[in-house]
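Colleague: Take the sequences, apply the hints, and build the full model.
Protein sequences, first through last, are from chains V and Y.
If you number the first sequence the way the working numbering does, the last residue is 335 and the count never jumps.
If you number the second sequence the way the working numbering does, the last residue is 1334 and the count never jumps.
Derived by calculation from the structure, the hints in this document are not laboratory data.
It is possible that part of the hints are untrue.
To be verified - Footprint (simulated), chain V over chain Y, 3 or more residues, beta carbon under 8 Å:
id, stretch
1, 1042-1051
2, 1056-1063
3, 1075-1083
4, 1088-1095
5, 1118-1128
It should be emphasised that the depicted structure is a prediction, and the values quoted were computed from it without experimental measurement.
Note that the Cβ used here is the ideal one computed from N, Cα and C, for glycine as well.
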Amino acid sequence: MCSQKKNFTIGIELLRRMIKIRLTEETIAERYSEWKMRCPTHLCIGQEAVAAAVGLALRKDDFMMSTHRAHGHYLGKGGDLNKMLAEIYGKATGCSAGRGGSMHLIDKKVGFMGSTSIVGGTIPVGVGLGLSIKLREKDQVSCIFFGDAAIEEGVFYESVNFAVLKKLPVLFICENNLYSVYSPLKVRQPAGRKIYQMVQAMGCPSDQGDGNNAMEVYQKVSSAVAFIRKGEGPCFFEFLTYRWREHCGPNFDNNIGYRTEEEYLSWKDKDPICSLESHLLEQFPVSRKEIEEMQNSIHLEIKKAFEFAENSHFPQPQEATTNLYAGELT
Amino acid sequence: MMRCLTFVKAINEALVQAMEIDKSVICYGLGVDDPKGIFGTTLGLKEKFGEHRVFDMPTSENAMTGIAIGASLNGIRPVMSHQRLDFFLLAMDQLVNNAAKWHYMFGGQSFVPITIRLIIGRGWGQGPTHSQSLQAWFAHIPGLKVVMPTTPADAKGLLLSSIFDNNPVIYIEHRWLHNLEGDVPDGDFRIPLGKAKKLRNGNDISIVSMSYMTIEALHAVEILEKQGISCDLVDLCSLKPIDLAMVFGSVRKTGRLLALDTGPGTASIAGEVIARVSMECFGNLKQAPQRLAIPDFPTPTSPSLTKVFYKRAEDIVRVVGNMLRKNFQEGILGNLRNCSHDVPGAWFKGPF
Chain V
6 MCSQKKNFTI GIELLRRMIK IRLTEETIAE RYSEWKMRCP THLCIGQEAV
56 AAAVGLALRK DDFMMSTHRA HGHYLGKGGD LNKMLAEIYG KATGCSAGRG
106 GSMHLIDKKV GFMGSTSIVG GTIPVGVGLG LSIKLREKDQ VSCIFFGDAA
156 IEEGVFYESV NFAVLKKLPV LFICENNLYS VYSPLKVRQP AGRKIYQMVQ
206 AMGCPSDQGD GNNAMEVYQK VSSAVAFIRK GEGPCFFEFL TYRWREHCGP
256 NFDNNIGYRT EEEYLSWKDK DPICSLESHL LEQFPVSRKE IEEMQNSIHL
306 EIKKAFEFAE NSHFPQPQEA TTNLYAGELT
Chain Y
983 MMRCLTFVKA INEALVQAME IDKSVICYGL GVDDPKGIFG TTLGLKEKFG
1033 EHRVFDMPTS ENAMTGIAIG ASLNGIRPVM SHQRLDFFLL AMDQLVNNAA
1083 KWHYMFGGQS FVPITIRLII GRGWGQGPTH SQSLQAWFAH IPGLKVVMPT
1133 TPADAKGLLL SSIFDNNPVI YIEHRWLHNL EGDVPDGDFR IPLGKAKKLR
1183 NGNDISIVSM SYMTIEALHA VEILEKQGIS CDLVDLCSLK PIDLAMVFGS
1233 VRKTGRLLAL DTGPGTASIA GEVIARVSME CFGNLKQAPQ RLAIPDFPTP
1283 TSPSLTKVFY KRAEDIVRVV GNMLRKNFQE GILGNLRNCS HDVPGAWFKG
1333 PF
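Modeller: Rendered as structure tokens:
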């Protein structure tokens, strides 16, 4: 395939994944006030590019670990939409059978090995998956998503240190969206620090990129994945991006005073989906109508997924006391 | 075939056999391949199984626990060793938030077969941060299993079962048991988790114990026997799941309970034993159950301050005597002690 045609295919697939993440989350936001999704829910609207691009750059059998803000990562990796929504609705058909909710997603069929809520908590788990890949002499990659606040956790340094020490096949992806809940980066990390440079100094090849430019993220991460797959050790990326809505929940919160409307609007101007759409319309033989058709079919898929979630059964109350321990395996 | 082995050698043998049985078993921890080999328990493993499966680690208890979890999600069975339990407290996040919950919170799809060896220090000034008996912390967390072997045979049998269990198991060793000798079966010898052991049969009182306190209890039972008091001695072996059936059976027979603990009394395993016995066997009890544990204080360092801090056979004899309203003659302890209170025996020369 010539590179122009390949870029077109990639661009369209990135757009498809980003639109799916965006529309899914916008529907969650619209319907959250029905009080049927009864768990803390962290939306990644505005940050779709990194999730879609990293997911596309990885193979299905590569591993992925994520955080409390996991919907995009899960869908970007190809996770089952029905099971994700059913999980948020607390249903037995949910990907974690109703035990986890929005913050504890899993789809092992596509290598999405789990997301958890404790900041930095899945970083060593992803490194451990990297160790297992090396011990089993496979060519998989273990990808770990985390935010800028995880850089402040001790376990981050411990994990990077070990991954570098053992040259493990680990892809560290830091989505820097400038805030940890309402706390801006400037009260948490010294002015002038470049996270990726600090990690570079730990011996891990590192780079920074525009997290709202899906094509750029895809290109950078794809090269790194090839490098990691060859057994060259871990890589780290810091991608700059921005969450549009409140830390947790369906609303906008620019009015409460921790960030300005102007800042929000300046990032909204850099909407990763609009940017990619414009790029594709300018550079490739695709029409707005074709993109709208894509959106419509995704809309339909999401509508059906919400129906699946709503119509699924709740787990029985007595099921709360099953699966404490894993039994003997055959 | 039975051979006489030390507790240390029994652990070493269990590790070797586990690694021979299953090549997904790996072993790491600070000092596992150093010249001392975690008090001898890991000696020779690297030479036998190679540096990929047996390795020293960065001083990063929390991440290395998470790394064990991650590796286990892809079929590896890690065994981590910590020379003192106290250092492992840095890893409570990974243990409690991830290891204990992973199987449950993802709907039973994944499991975390990891074994974490923790060693409790005692004596020779181990002090506040090298001697904590925190088994109750671990037992409190749903999803963990907790074992505390007493004899060399238990050490081997419970370690093999822990490694091949599909759940996170906290395997707690008492440093004063490491040199204990006893008969140990050869081969793939496993003791099921969750089963207690009856070490002595008697009718007057049930003594429920764990780990090193069981050794003190064995001395006490012998002394009491000479005074005409027969004790039923239950060694819990597993604290989670806990074999309450054996405890209840014993108390229903004797009508009296003394629960021992290596840790502080409040919210302890001994407290749990008393609570459950009170709930289930209240009608069988002839008197209020008693508990013997260390004080609710940090452990001091000076040999002077530890003299009465730890509970020993003579304390057990005294409490049982009080419960049974016996006035023992002076000198019943005989030559129980021939060394200072802060070493396990006169022969002991460290390391600590």
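Colleague: Taking the hints in turn, state whether each one holds.
Modeller: So, going through the hints one by one against the coordinates:
1. Coverage of the stretch 1042-1051 of chain Y by chain V holds in this model, with 9 residues showing a Cβ closer than 8 Å to a Cβ of that chain against a need of three.
2. Counting residues of the stretch 1056-1063 of chain Y whose beta-carbon sits less than 8 Å from any beta-carbon of chain V gives 3, enough to reach three: the coverage restraint holds.
3. Coverage of the stretch 1075-1083 of chain Y by chain V holds [criterion: at least 3 residues with CB-CB distance below 8 Å; count 4].
4. For the stretch 1088-1095 of chain Y, the stated coverage by chain V holds: 8 residues have a C-beta nearer than 8 Å to a C-beta of that chain, and at least 3 were required.
5. Remark: the stretch 1118-1128 of chain Y is confirmed as covered by chain V, as 3 of its residues place a Cβ nearer than 8 Å to a Cβ of that chain, reaching the required three.
Consistency with the previously given hints is maintained throughout, with no hint failing.
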